[in-house]
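**Student:** Using the hints, position chain B against chain A.
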Amino acid sequence: MWQLIRANKRNSIFLMVLMAVVLLVLGYIIGAIFDPASGISVLHFVTGQKPRAIVTTNYAGLWGIAFAAAIWLVLTLISFSSGDQIFLAASKAKPVTHDVHPQLFNIVEEMKIAAGLPMPKVYIINDPAPNAFATGRKPETASVAVTAGLLGRLNRDELQGVIAHEMSHILHRDILFVTLAGIMLGSIVLLSQVFLRGMFYSSMGSSRRYSSGGKGGGQAQLVMLIIAIIVAILAPIMAYLLYYALSRKREYLADAGAARLTRYPEGLAGALEKIANDKSPQLATVNKVTAPMYIANPFKKKGQRKLSDLTSTHPPISERIRILRNMTHGASFKDYSDSYSNITKAKTVIPLTALTKEDIALRQASAEAKKKVRLEKQMHQVGDIMRRVNQFVFLTCLCGLKLKVPPNYKADKVTCPRCKRKLDIRKK
Amino acid sequence: MVALIIVAVVLVLLIVSLIGFYNALIRLRNQVDNAWSQIDVQLKRRHDLIPNLIETAKGYMKHERETFETITKARSQAMGAKTVSEASKAEGVLGEALSKFMLVVENYPDLKANQNFLSLQEELTSTENKIAFSRQSYNDQVLFFNNKTQVFPSNIVANMFNFSKRDFFEIEAPAEREVPKVSF
Numbered sequence: 002m003w004q005l006i007r008a009n010k011r012n013s014i015f016l017m018v019l020m021a022v023v024l025l026v027l028g029y030i031i032g033a034i035f036d037p038a039s040g041i042s043v044l045h046f047v048t049g050q051k052p053r054a055i056v057t058t059n060y061a062g063l064w065g066i067a068f069a070a071a072i073w074l075v076l077t078l079i080s081f082s083s084g085d086q087i088f089l090a091a092s093k094a095k096p097v098t099h100d101v102h103p104q105l106f107n108i109v110e111e112m113k114i115a116a117g118l119p120m121p122k123v124y125i126i127n128d129p130a131p132n133a134f135a136t137g138r139k140p141e142t143a144s145v146a147v148t149a150g151l152l153g154r155l156n157r158d159e160l161q162g163v164i165a166h167e168m169s170h171i172l173h174r175d176i177l178f179v180t181l182a183g184i185m186l187g188s189i190v191l192l193s194q195v196f197l198r199g200m201f202y203s204s205m206g207s208s209r210r211y212s213s214g215g216k217g218g219g220q221a222q223l224v225m226l227i228i229a230i231i232v233a234i235l236a237p238i239m240a241y242l243l244y245y246a247l248s249r250k251r252e253y254l255a256d257a258g259a260a261r262l263t264r265y266p267e268g269l270a271g272a273l274e275k276i277a278n279d280k281s282p283q284l285a286t287v288n289k290v291t292a293p294m295y296i297a298n299p300f301k302k303k304g305q306r307k308l309s310d311l312t313s314t315h316p317p318i319s320e321r322i323r324i325l326r327n328m329t330h331g332a333s334f335k336d337y338s339d340s341y342s343n344i345t346k347a348k349t350v351i352p353l354t355a356l357t358k359e360d361i362a363l364r365q366a367s368a369e370a371k372k373k374v375r376l377e378k379q380m381h382q383v384g385d386i387m388r389r390v391n392q393f394v395f396l397t398c399l400c401g402l403k404l405k406v407p408p409n410y411k412a413d414k415v416t417c418p419r420c421k422r423k424l425d426i427r428k429k
Numbered sequence: 006m007v008a009l010i011i012v013a014v015v016l017v018l019l020i021v022s023l024i025g026f027y028n029a030l031i032r033l034r035n036q037v038d039n040a041w042s043q044i045d046v047q048l049k050r051r052h053d054l055i056p057n058l059i060e061t062a063k064g065y066m067k068h069e070r071e072t073f074e075t076i077t078k079a080r081s082q083a084m085g086a087k088t089v090s091e092a093s094k095a096e097g098v099l100g101e102a103l104s105k106f107m108l109v110v111e112n113y114p115d116l117k118a119n120q121n122f123l124s125l126q127e128e129l130t131s132t133e134n135k136i137a138f139s140r141q142s143y144n145d146q147v148l149f150f151n152n153k154t155q156v157f158p159s160n161i162v163a164n165m166f167n168f169s170k171r172d173f174f175e176i177e178a179p180a181e182r183e184v185p186k187v188s189f
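Chains A and B, in that order, give the protein sequences. Residues in the first sequence are numbered from 2 upward in steps of one, following my numbering. Residues in the second sequence are numbered from 6 upward in steps of one, following my numbering.
One chain only, chain B, in its complex shape:
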C-alpha cells in the first residue's frame, strides 16, 4: 500500500515536471518564431525597396549596369531562401552589394540631389538598421532556446518531442569577416 502511494506520487511529480519543461520549451520556441517574424518584416521591406531604388538611380547612373545586376541577382536569391541559414547567407551578399552601391552613389551628385532618391535612401538606411537591431534580439532568443534544448534535464523532453536546434542569423558577408588588406 505504502509502496503504491510512493509510486503514484513519483509518477505525478514526473508528469507535472514533464508538462512544465514542455511548456517552457514551447514558450521559448514561440519567442524565437516571433523574433524571426520581426526580422522577416524588415527583410521583406528591404526587398521591396530595391526595385524602386534601382529605377530611380538608373536614369543617372548609365555606366553602372554591373552594380545593378549584382543587386538584382542577390535580391532574387535572398527572396528564394527557404531556411534561416540560407537566408542569412543570401542577405549578407545583398547587404554587401547595397553598401557598395551606396559608395558608388557618392560619384553622382545629381542623383544625390534627387528628392525621391534621398527619401528612398533614408528608408533603406533605416531598414538596414532595423535588420541589425532585430537580428540581435533574434540571436539572443535562439541562444536561450538552444541552451534549453541541450541542457539536462530539459534536453530529455526536447528529444522526446523533437525540439530541434535553431540557426542563428549571422551576416555571412565575406567582406565583413576579412581583415582589410593594405597595400603600399
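Looking at chain A on its own, in the form it has when it is part of the complex:
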C-alpha cells in the first residue's frame, strides 16, 4: 500500500513541476511582450493607455514570471485556507452522526479500519442524483459526503464499495493532488486569458504599436508575439488534458483500492451500474474543476464519444464496471491490474512498485445485500432521514396520519388534513 502512496506522491510532484514550468514559461513570454521597462504592462491594457514603444529587456520576462507566481500564490492561499469548507458548503452538505444514518456511519467506520485511517467526517447531500465525494488534503481533516439519491438506491455491499472508493482517494492522497493541480490549472488558464484578452483589446486600440518598435527588433518582436499567442492558446489546453488524464488514472487506482479494502469488487461494480443507469437530473451543485472528486462523472454525457473520453475527468463507467467484474481470482492490486490489461488491452494502470504479490481472497456477498428491498421503500426512508437532518418536525395524529412539518412553518398548531384535529408542534 505504501508503495502506491509513494508512487502517487512522486507522480504528483512530477505533474506539479511540469505545470509550474508551463506557468513560468507562459509568464516569461507574456512578460517579454508586455515590457514594463518600456511602460507597457498588463495594467496598461486594463486602463487602455497606449504604450510608447516595445523594447524587450532582460527584466521583462522576470516581471511576467513574478506576475504568474503571484496569481498562483493568491489562488493557493484561498484554497488552502478554506477550500474544503467552501466545497462542502457549496454542495449544501449536511454533517450527520450515527443516529441519523447508522448504516452509512458504520460502513465509514469499517472502511476506516480497513484502510487504517482516522475517522473522516460524514456528510449527506440532499440531492436525488446518486453520487459521492471525499475532501480533505490530509487524512486527519478528511470528509466523506454522499447524496440522498445514493443512499436510497444502493444496498449495503454497494454502499461499502462507494465508501471504500472514497476512502482510497483519501488514502492515496488524491485530494491534495486534485487541489494542487486545480490551482496550477486555474493559474495557467487565468494568465493566458488575461494575456489574450489584453492582446485583443489593445490591438483594437492601436494598430500602430507593432510597427513602432526598434528598427532591427521589429521582426523579432513579431515572432515573439506569435509564439506568445500560440503558447497562450495551447498551454491551457495541454494543462487541461494532462489534468484529466491523471484524474482518470486516479479513478482507476481508487477502484483498485476499493476492491482491495472491501475484498468484494462486485459491491462497487453494482453501485457504478446503478449510478450509470440512473435517470435523475445531474447534480445541482458541481463545476468542472471539482468534478474529479466525485465517484462518477457528475456531468451527464454530451458531445462526441472520443472527444468526451479525452476531456473527461473519469474513465467510461462501463469500462470500470467490466474491470471490476473481471476480477475473479482475488482482490489485490495485481488482480485489478491483470483485469485492467485484459479489458482495455493496455499496460497496467497501477505503478509497478505497488504491484507486489499479495494474496487477498474475495469474500461472499453479505446476507443483507441479497435481500430484496423495494426501491420506493428505501427512497422513502432516505426522504425521512433528509427531513430529520433538515429539522422537520414529525407528528403522528391520533387518527394515525403521520405529518412532517417543514422548519419554515411558523404557526404553533397544524390541522390534521384527515380528521381536522389541531396538533401542537413541539419545536426543539
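Distance condition first, Cα-Cα at most 35 Å in a straight line; then the derived DSBU-like pairs of lysine-lysine: (1) B:Lys-49 with A:Lys-95; (2) A:Lys-378 with B:Lys-67; (3) A:Lys-95 with A:Lys-403.
Listed next, the stretches of chain A that the computed footprint assigns to chain B, with coverage defined by at least 3 CB atoms under 8 Å from CB atoms of chain B: (4) 103-109; (5) 113-122.
Hints listed in this document are in silico derivations from the structure and should not be mistaken for laboratory results. Since this is a predicted model, take the numbers as computed values, not measurements. In this text, a Cβ means the ideal position worked out from N, Cα and C, and glycines have one as well.
**Tutor:** Just chain B now, with coordinates in the frame of chain A:
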C-alpha cells in the same frame, strides 16, 4: 593504544546497534498491541450486542431455545478467553453460531419487521465486518513482529530480552474450513 581504540570503537558500535534493534522490536511490539486493542474493542462490542439481540428475538422465536443456548454458551466462553489463541478459537465458534442464528431469522418475518431488531442486526453486521478488517491488520503486524524476532541479527536481541512470538488471530470456525458436502 591503537588496539584499545579499535576495541572501544567496536564496543560503541555494538551497543548502538543493540539499542537500535531493541527499539525497533519495542516499536513493533507496541504496534501489535495497538492492533490487538482495535480487535478487542470490536469483540467487546459483539459481546455487548448479543444479550440485547437475544432479548428482542426471544419474543418472536419460541421454538429456537437451542440456538439461543448455543450463542449464550459461546459468548461466555469467548468472554472468558485469556490468550489470543484461546480467543480466536472461542470467537470463531461464536461467529459461527451467530451466522446460523441470522439464517434462522429468515423464517420469522415478524421479527425481521421489528425496527429495534433491524438496528441491532445492522450493528452486529457492522461489528462482524470491523472484526474481519481489524483482524487483517493485526495479523499483518504480527507477521512483521514475528519475522523480526526470528531473523538474524535481531533474533539475538529478541532472545536476550525475551521477545516472544505472538499468535495470529485466526478464525478457527470448523465450518469455514470444511469443504461443503453435497449429497444427492
